[in-house]
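Chemist: Sequence:
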Amino acid sequence: MHAVFKYNPNFHDVVKVDEGSYNSCRVPNGAPRYKSGNEHIRIPHCKTDACKSFFICSVAAHCNDGMKVAIATE
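In our numbering, the protein residues as written are 81 to 154.
Simulated from the structure, these hints should not be mistaken for lab results.
Among these hints, one or two may not hold up.
Derived pair list, reagent style PhoX-like, types lysine-lysine, alpha-carbon separation capped at 25 Å [said to hold, decoys possible]:
1. K127 x K148
2. K132 x K86
3. K115 x K132
4. K132 x K96
Each pair of labels, with its calculated beta carbon distance range [to be verified]:
5. I121 x E154: 11 to 21 Å
6. A111 x G146: 17 to 27 Å
7. P89 x R122: 19 to 29 Å
Please read all numbers here as calculations on a predicted model, not as lab measurements.
Note that beta-carbon positions come from the ideal geometry of N, C-alpha and C, so glycine has one too.
Could you put together the complete structure from these sequences and hints?
Modeler: The structure is reproduced here in structure tokens:
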């Protein structure tokens, strides 16, 4: 499964983070950052609640304003 993110790269990005960073809207060192505006990111498939993927926009206060998504697979 893949998540597709389409956005204007002049104003946004996509950063894959852990749950704590998702909740706090902080980007940890070394977090994968995507900037093309057309991302196809593989989402792991598993059968536990531990299989969630978290993404935020790190530009300005976008994450704090709600520009973030958590994806769970079953």
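Chemist: Work down the list of hints and note, for each, if the structure agrees.
Modeler: Status of each hint after checking the structure:
1. With a C-alpha separation of about 23 Å, the suggested pairing of K127 with K148 holds against the 25 Å cut-off.
2. About 20 Å separates the Cα atoms of K132 and K86, which keeps this hinted pair within 25 Å; it holds.
3. With a CA separation close to 22 Å, the supplied pair K115 and K132 stays within the 25 Å bound.
4. Pair hint K132 plus K96 holds up; C-alpha atoms about 11 Å apart against a cutoff of 25 Å.
5. For the pair I121 and E154, the beta carbons lie near 18 Å from each other, so the given range of 11 to 21 Å is met.
6. Range check, A111 to G146: Cβ separation about 19 Å, and the 17 to 27 Å hint holds.
7. Under the hint 19 to 29 Å, the C-beta atoms of P89 and R122, about 20 Å apart, fit the expected range.
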